[in-house]
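Colleague: Protein chains in written order, with my numbering: chain A, 25 to 285; chain B, 681 to 1079.
Derived from the structure by calculation, the hints contain no laboratory data. One thing to keep in mind: the hints can contain errors.
[What the hints assert, rightly or not] Just so you have them, the derived chain B footprint on chain A, three or more residues with Cβ under 8 angstroms: (1) 68–81; (2) 104–110; (3) 127–135; (4) 153–159; (5) 178–191; (6) 216–222; (7) 238–251.
Source: prediction; values computed, not measured. Glycine included, each C-beta is placed from N, C-alpha and C at the ideal position.
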Amino acid sequence: MNILVFIKQVPDTTSVEVDPVTGVLKRDGVASKLNPYDLFALEQALTLRGDGNVHVLTMGPPQAEQAVREAIYMGADGGTILSDRKFAGADVLATSMTLAAGVRRLGGYDLILCGKQTTDGDTAQVGPETAEHLGIPHAANVLEITDLSDGHVTVRVNMDESIEMLRLPLPCLLTMDKDVNTPRLPSYKRKLAGTGTVDILSLKDFDDRDETRYGLSGSPTQVERVFPPENHTEQVVWDGEHLGERLYDYLKERKFVRGGV
Amino acid sequence: MAHIAIDADKMTLAEKDALIRICPFSAIRHEGDTLTINAGCKMCRLCVKKYPQFVQLVEESVQGVDKSLWQGVAVYAQLTERGVHPVTTELLGKAKELADVIRQPVYAVLPGHPTDAAARECLRYGADRVYVYDDTCLQNFAVDRYTACLEDFITRVKPCALLFGATSPGRSLAPRVAARFRTGLTADCTKLEMRENTDLVQIRPAFGGNIMAQIVTTRTRPQLCTVRYKIFTAQTPDDHPKGVIVPMALPDGARAGDIEVLHVERKPREVDIAEAEVIVAAGRGVKNQRDLAMLEELAEALGGMLAGTRPMIEAGWLDPRRQIGLSGRTVRPKLIITCGVSGSVQFAAGMRASDTIIAINTDPNASIMSLAHVGIVGDLYEIVPALLKKIREGGGLDV
Chain A
25 MNILVFIKQV
35 PDTTSVEVDP
45 VTGVLKRDGV
55 ASKLNPYDLF
65 ALEQALTLRG
75 DGNVHVLTMG
85 PPQAEQAVRE
95 AIYMGADGGT
105 ILSDRKFAGA
115 DVLATSMTLA
125 AGVRRLGGYD
135 LILCGKQTTD
145 GDTAQVGPET
155 AEHLGIPHAA
165 NVLEITDLSD
175 GHVTVRVNMD
185 ESIEMLRLPL
195 PCLLTMDKDV
205 NTPRLPSYKR
215 KLAGTGTVDI
225 LSLKDFDDRD
235 ETRYGLSGSP
245 TQVERVFPPE
255 NHTEQVVWDG
265 EHLGERLYDY
275 LKERKFVRGG
285 V
Chain B
681 MAHIAIDADK
691 MTLAEKDALI
701 RICPFSAIRH
711 EGDTLTINAG
721 CKMCRLCVKK
731 YPQFVQLVEE
741 SVQGVDKSLW
751 QGVAVYAQLT
761 ERGVHPVTTE
771 LLGKAKELAD
781 VIRQPVYAVL
791 PGHPTDAAAR
801 ECLRYGADRV
811 YVYDDTCLQN
821 FAVDRYTACL
831 EDFITRVKPC
841 ALLFGATSPG
851 RSLAPRVAAR
861 FRTGLTADCT
871 KLEMRENTDL
881 VQIRPAFGGN
891 IMAQIVTTRT
901 RPQLCTVRYK
911 IFTAQTPDDH
921 PKGVIVPMAL
931 PDGARAGDIE
941 VLHVERKPRE
951 VDIAEAEVIV
961 AAGRGVKNQR
971 DLAMLEELAE
981 ALGGMLAGTR
991 PMIEAGWLDP
1001 RRQIGLSGRT
1011 VRPKLIITCG
1021 VSGSVQFAAG
1031 MRASDTIIAI
1041 NTDPNASIMS
1051 LAHVGIVGDL
1061 YEIVPALLKK
1071 IREGGGLDV
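With the rest of the complex left out, here is chain A (with noise of 0.2 angstroms):
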């Protein structure tokens, strides 16, 4: 079994903050990590590799090398960058026509593997259109793969008020869901062996090498501000004394509390 395992670095921090005069954005310290939720997709892949290859995938700067790299030391095989200028700005359908890209010319895969979403971008949507561009299926938030056989792949799938067991063939992507397993820790052993290399490819390294299907020129949305949130308007605060007692009264007042009349 081939596996794919879609990764992304993510920052290791919510402190973004905008200056609420300029509206421009404040963040020092950039500390990186791998996605948390890509740890999940990456333990099922080794779980899963049987005497295949796992194979991790980013697009990002030439520093998510650390991410691939940690990947690496949890036991992937190997890891690609997708790595260009052109890729810059990317929303979420350029990144998914670049990992397509990517996929398309590693090739040779059985099962595409990625957490549901990420910390800083949150939007859960890169898995399945990254499928669509590849034209295969895709399920969402899986809970367990219960059978592999027969080209196929059986997956119980997280729908809110229900679970759905889906028959997909391969090769499919599947984003797992969150704590559906218990991620290894990096090993320090593979750490000191140096094992797994880590490639680049750009866009020369693309069939597809159209600029406007990459980065920003193949985003369709455009953010065109960020602002710091708005904030309600009639607000009242309250220090000193006696707290809990007048916002017992508080509560009284509006029907929350059944009080004595």
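Starting from the known structure of chain A, arrange chain B on it as the hints suggest.
Modeller: Coordinates of chain B only, in the frame set by chain A:
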């Protein structure tokens, strides 16, 4: 289309370093004597704003679609066992507001089986036309067959925008459709506005931080977005709707999907904080798991439920189903009392639509205070016991 151009020749080394440091995504790098922007760029344009003398946004004019050919605001009507999903009625309410701006109709597109009751519900909640794809092969949600139906609908009806509920099926179907039409899809919008030129202004929390992003899809149609349950408000249903139901033929090939639905099991009824009218939310100001009992008691006394922030769930103090926020549930209770919650944007995004927000926090500068209708600067360990004492005393008279 646009790109960022840096005129590095004019810059001193110190200026180059300053520019590199300013990029929150580390996307600007030295390359020989010049500076390059790599794939990390999120187009936040901070560099353009800070160093307009060196960094320019270069707009390239591109031929987009003819927007006049794309008319009407459509909603994907999600079928459940009990008719349409409530998020569908909320989206129809919003679609009506958006469509009124451009004087265009509201459509619902309803694949599934059986659809009769759900189609009528769409009419009552404001759809002018409900396009129905009814076939036994659509009885269970299968993303490939449903995508085929939506593809057929979009090709024939050409709506300018199509809204999806950010439910599990919606989040699987919308990206599939967006990719097929190579158009824009914006996830988890919290605010939508329509421009006269039919561009949909989509606002969502972004970059995983305390930021809202305003996003538009100006070159392609239809414009797709997802919206979570309980963000918008449904219209009062009209018992004598004027809209019509339009039966559609199952498109060729839709029956022969790749994905086989073997079995559907209903999940056991779960704790659902989204249904609660009153919520007491615990945050990091709660020092000990034992202390949650006090908040639980408060929630019970108010006829509500206990919920919490991500750290509460990560610490294992609360069931994950009780998490409020982008990675948890979106709630919209009549009353929410946050106790020791600082108010990250992810948390805020999951509760900001609540009718009344009361925040108890020792820090008057906590972000939650700017959201709260009543910001109580004080110690929850004093306030909550005093409140409970009053409730016990007061409640005793009435029960």
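Colleague: Confirm or reject each hint.
Modeller: Hints versus structure:
no. : hint    : in the structure
1   : 68–81   : violated (count 0)
2   : 104–110 : holds (count 4)
3   : 127–135 : violated (count 0)
4   : 153–159 : holds (count 5)
5   : 178–191 : holds (count 12)
6   : 216–222 : violated (count 0)
7   : 238–251 : holds (count 12)
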